[in-house]
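If you're matching them up, the sequences are chains W and L in order. Position 72 (the first sequence) corresponds to 72 in my numbering; numbering is contiguous. Take any residue in the second sequence, note its place counting from 1, add 1000, and you have its number in my numbering.
Think of the hints as simulated: they come from the structure by calculation, not from any bench.
No more than 30 angstroms apart at the CA atoms, straight line, and that leaves these computed lysine-lysine pairs for DSSO-like: (1) K204/W with K1099/L; (2) K204/W with K1086/L; (3) K408/W with K204/W; (4) K160/W with K204/W; (5) K280/W with K1089/L; (6) K1099/L with K326/W.
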Amino acid sequence: MKNLLVLGAGTAGTTLVNKLRPLLAEDEWSITVVDQSSEHHYQPGYLFIPFGGYTPADVVKPQAGFIPDGVTRIEGTIDEVIPPQNQVKLVDGTILDYDQLVIATGTSPRPDQTPGLDGPEWGKSIHTFYTLEGATRLRAALDEFEGGRILVHVTEMPIKCPVAPLEFAFLAESYFREREMRDRVELIYVTPLDGAFTKPVASKLLGNMLDERKIGLEADFYIERVDNEKRTVVSFDEREISFDLLVTVPLNMGADFVARSGLGNELNHVPVDHGNFLSKDWNNIFAIGDAADLPTSKAGSVAHFAVDIFIDNFLPHIRGEEMPMKFDGHANCFVESGDGKALLLDFNYEVQPLPGKYPVPVVGPFSLLEETAVNHYGKLMFKWMYWNALLPGRKIPLPALMSMAGKKEADES
Amino acid sequence: MTLATIAGHEVHVDDEGFMTEYEEWDDGLAKQLAINIGIDLTERHLDAIRFLREDYLAVGETPTLRRVTAVGGIPTKELFQLFPKKPAKKMAYVAGLPKPVGCV
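Bound-form chain L, shown alone (with noise of 0.2 angstroms):
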């Protein structure tokens, strides 16, 4: 784990730039996060982002992409064009989470 500075914040991360501490995350953070994978965020972005970080919160684990659409009313084709080929590791990213688990 290391800190980097993100949009003027110093900020834990792990070794794949994925944030560490969930109350280290705002609004402006996701912002340049975004911009780093070549994202600007909208309103619809932030809709996906917003829903993980709830379900973060009351699960404990980042949600899969079929949970973000199941539960968060988020069509998948829809999340493939906001976060382009990878959306569930994007979106974590963005919303300051771990990475989703690979499931094995």
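Okay, chain W solo, but in the shape it has when bound (with noise of 0.2 angstroms):
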């Protein structure tokens, strides 16, 4: 009997073993998955909670309704890879072994990575809705705001869903509009990177979505530290931004096992072949969805495609043969822009954000770089498609690799 073990039940490590459990002999392979919780988070969802479009109840279910039969479950922390002995230790002791190991334990906020971030004013004026509980006080945080200026703050790239903190910009002004207050409002979009995003196109196409809402860029932002007292934060060209509240997406690592067990780069991430996401040191470790580096979109749509690569070359991995798929970091992402209207992101590690429609070329009907209703309730439909057909592992209509079909070359000048 041979043992795959998974390390994570989140969106990459749930799908993966729905779709390979029916693929593998129960007599020839047991797997096993290890999490350190007994939820399960939709975290898209966390973005509409501070603007009371759900609550904790529409994002949050049990875990183990989501483990197929013939899949261990084991609720427990890790504590270290040993690799050269094909074995996972779990701080209450256990001992795992596997013949062959998937990292899938993704990335998460870490406030605590920069000075003063977690300081006194950590809850009160300073909020992230990257977790479940800061994106239910931030819904307090800005039930209460009388007015004054509010920082929308990326703290380091990569971070999951980097449309995420745009999407909370928009959704910030739409939202004080609505409460006829947008005028004793001040909204600045804080960020390390050049420009509004990080490809030409979306770039372009979102800071003039910026600039039409009112809402100002800092770029080139590099955080240094936070000032409590004063409530500014500084960056390392000793620029100083004074702030009421400031919304910040926290350093974003993989989990800390990984570093102690050799495995990761700087930010915990596992270094992977990019197109089949097998360890650089290891013929026997994957590291897919968030927790691997690849240089594409930390995101739920990048680990559904990348499982179903991962999928077709697990098979033939373990009969020692070549993996036959490579992955092209397809990831698609729909930006909440307000007023209940979104875009959509369609891209890869090679081509940018190009409008067009999607998923049926011409037909849509989603619509590629535009705003519009309809992508808005197909980003709300989503939900109901994350908990009914992605997460048990069901076919979805979308390929994994990305399709030009549809798209149209943008004019970059």
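Once you've looked at the hints, go ahead and assemble the two chains, each given alone in its own frame, into the complex.
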């Protein structure tokens, strides 16, 4: 009997075990998944909580309900992977042996990594919506906000769902307009990037959307520390911006056990082959989803497409054959833009987001790089899809690799 | 990709002027590249540049600012003083490496 051990039952880990279990004979392969929580969170839903669109009940379900029969679920905290011995040690001392290991423990916000960010103002005038607890607290903070300057801030790339802070800025703008107090709120988007986003066409469009909404942009801002007394953020090149409310995306880092096990880079993300997710050091360790160091978005859509590629490769891999499929970094993200509209981005390692229709060329129904109400409904509908189709590993008719069909080359000038 | 003449050498560069051929770079070119962006290269600049070159060779990617600090051991504050405003991009330019990938 051989063991496949999956660390983490988030989007990637859960989808993976659901898709793989029917393909591996139960008398040949056992599958075990380890996670430190009993809950599964629909993380894209955090964004809507501060504005009252979702409540915590919308985004949390018991994890066990998504793990299929024939897969053992262990609730526990991982201490260390010991690759030479093909073992994983849990904090409670349990030793788990593996023949093949998949690291799918994601990436997490780490406010402790920026001096002053988790100081006395944390939870008072400093908030994040990157955790359920933070998003819930931020809802109250927005409710009570009477006016002043709000900074929507990104510490450093990469972050999970890189469009989420922009969406937050758009939704906040719309929210304060609806409360008829937009004139008393100054919004500034503060980013380490040199524009609103990373890829040129989308960056220009999203930058224009900030302008139209009179949201300021402070670019190339690489934060050094937060001054809690003065309520300012200070950059390494000594710019200082004051705030009444700081909505930050803290540094995102992979799990600490990844570093302890010698498997991570400086952000505890696991260096892997960008095409097949195999560790650069070990032939029986994969990292998939946000835990890997792929140069594409850290997002559920990527995890979903990546798992499809992984499944096609895993059976040949355990037979000792070459892995036939190569991932292209395919990602797509809905971008909420406020007032019941959204945009959709579709891109990969090589091709930046371009305008067009998705998933069916010309027909859509979704419009790429364009604000429409249909895109917004797509984003809301996705929550149902996530719980009922994606996590259980049902077939979703979206190809894993990106297609150029239906896209228009954009004029970059 | 086009050819440019820098410090008397013909080298390949992309449309933003970043060199594209690892082997075409040398210390003399670095000096001229630095001058192009208003930097007078010192030994301390070169420490950072050498780390970038070595790390690129080992990893296959231009290191991020965090990596130059965490692995290369040069404080971020100092990198901003050596290569003002956009250190990651400027270091890559002087080191003759691809522009760091804007992670998305």
